[in-house]
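**Student:** Sequence:
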Amino acid sequence: MKILVTGANRGLGYALSKAAVLRGHTVLACARNEDQLKDLIEQYPNQVHPLELDVTDEKSVAVAAAKASEKWESIDVIINNAGALYERDAKIEDLDFSLLERTMNVNLYGPMRVVKHFLPLLFKGTDQTIINISSDAGSITTAYGGDYPYAISKTALNMFTKQIKHYVSNKNINVYAIHPGWIKTDMGGERAPGSPDDTANNLIDIVEKKKIIDEDLFFIKHDGESMKI
Numbered sequence: 001m002k003i004l005v006t007g008a009n010r011g012l013g014y015a016l017s018k019a020a021v022l023r024g025h026t027v028l029a030c031a032r033n034e035d036q037l038k039d040l041i042e043q044y045p046n047q048v049h050p051l052e053l054d055v056t057d058e059k060s061v062a063v064a065a066a067k068a069s070e071k072w073e074s075i076d077v078i079i080n081n082a083g084a085l086y087e088r089d090a091k092i093e094d095l096d097f098s099l100l101e102r103t104m105n106v107n108l109y110g111p112m113r114v115v116k117h118f119l120p121l122l123f124k125g126t127d128q129t130i131i132n133i134s135s136d137a138g139s140i141t142t143a144y145g146g147d148y149p150y151a152i153s154k155t156a157l158n159m160f161t162k163q164i165k166h167y168v169s170n171k172n173i174n175v176y177a178i179h180p181g182w183i184k185t186d187m188g189g190e191r192a193p194g195s196p197d198d199t200a201n202n203l204i205d206i207v208e209k210k211k212i213i214d215e216d217l218f219f220i221k222h223d224g225e226s227m228k229i
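Numbering (our numbering), first residue to last: 1 to 229.
Heads up, a few of these hints could be off.
As a list, the in silico PhoX-like pairs of lysine-lysine whose alpha-carbon atoms are at most 20 Å apart [to be verified]:
{"#": "1", "residue 1": "K38", "residue 2": "K59"}
{"#": "2", "residue 1": "K221", "residue 2": "K184"}
{"#": "3", "residue 1": "K165", "residue 2": "K91"}
{"#": "4", "residue 1": "K184", "residue 2": "K228"}
Okay, the calculated beta carbon distance ranges per label pair [what the hints assert, rightly or not]:
{"#": "5", "residue 1": "I140", "residue 2": "S169", "range": "15 to 25 Å"}
{"#": "6", "residue 1": "K209", "residue 2": "Q43", "range": "23 to 33 Å"}
{"#": "7", "residue 1": "N170", "residue 2": "K209", "range": "10 to 20 Å"}
{"#": "8", "residue 1": "L95", "residue 2": "S69", "range": "23 to 33 Å"}
{"#": "9", "residue 1": "K228", "residue 2": "Q163", "range": "18 to 28 Å"}
{"#": "10", "residue 1": "N170", "residue 2": "S98", "range": "37 to 47 Å"}
{"#": "11", "residue 1": "L95", "residue 2": "G24", "range": "24 to 34 Å"}
{"#": "12", "residue 1": "G24", "residue 2": "K91", "range": "19 to 29 Å"}
{"#": "13", "residue 1": "K210", "residue 2": "K184", "range": "17 to 27 Å"}
Honestly, the hints are just simulated from the structure, not real lab data.
This one's a predicted model, so the numbers in the text were calculated from it and none came from an experiment.
We treat Cβ as the ideally placed atom computed from N, Cα and C, and that holds for glycine.
Could you put the whole structure together from the sequences, leaning on the hints where they help?
**Tutor:** Here is the structure:
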């Protein structure tokens, strides 16, 4: 499979890229600067192909999609992993709306831009899947008073995921918003109990159709279990 991963230079994106190539897949590794992908490229020069892509810049996404289409006729998987977390402990009375806007630009508009420009390539692929990395913070059922920018952006991302699932429903493409768990990354912190490698391997299992997931589900945990919307 040819798997596109945004935010591939660190954290879960890095773990996803490694998990995919170790199973024999080709990875279109996306980051804002190709130099950020140097380690992946050096380790897996024949399987990792860098794409400079800034999810907050539509022109950047469009150019990356054009470059990908010049080299490949199709892709099979889109994993929208790039994310931002600002104002984690801010009270609503103190919220910096410029950081809310920045969060939406990365966490919601970013995946929307990627799907917009890479969907034509995905339509030509096989056993296709779109994964948007979401969070339990995006659940309306279990909403709590905090993480306003992050939680709201992930709730909106879940809505977009459901819309795209409906849009491609006649093309046999799996579409999921996935809670990766609390994992040790720059975003998750050192106290996180989970491993990005474990989550990455579970996500690749989903991509490879090794997990049986009810076709009506779209918001799930990385192990395939249903999440409360």
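**Student:** State for each hint whether it applies.
**Tutor:** Checked hints:
1. K38 x K59: Answer violated: K38 to K59 is near 23 Å, above 20 Å.
2. K221 x K184: Roughly 17 Å separates the two Cα atoms, so the pair holds.
3. K165 x K91: Given that 20 Å is the threshold and the Cα spacing comes to 34 Å, the pair is violated.
4. K184 x K228: 23 Å, violated
5. I140 x S169: 15 to 25 Å: The hinted range 15 to 25 Å holds for I140 and S169, with Cβ atoms some 23 Å apart.
6. K209 x Q43: 23 to 33 Å: 27 Å, holds
7. N170 x K209: 10 to 20 Å: 19 Å, holds
8. L95 x S69: 23 to 33 Å: Check failed, 40 Å falls outside 23 to 33 Å.
9. K228 x Q163: 18 to 28 Å: For K228 and Q163 the Cβ distance comes to about 19 Å; the hint holds.
10. N170 x S98: 37 to 47 Å: 41 Å, holds
11. L95 x G24: 24 to 34 Å: 46 Å, violated
12. G24 x K91: 19 to 29 Å: 49 Å, violated
13. K210 x K184: 17 to 27 Å: Once the Cβ atoms are compared, 24 Å apart, the range 17 to 27 Å for K184 and K210 holds.
Comparing the model with each numbered hint stated earlier shows that hints 1, 3, 4, 8, 11, 12 do not hold.
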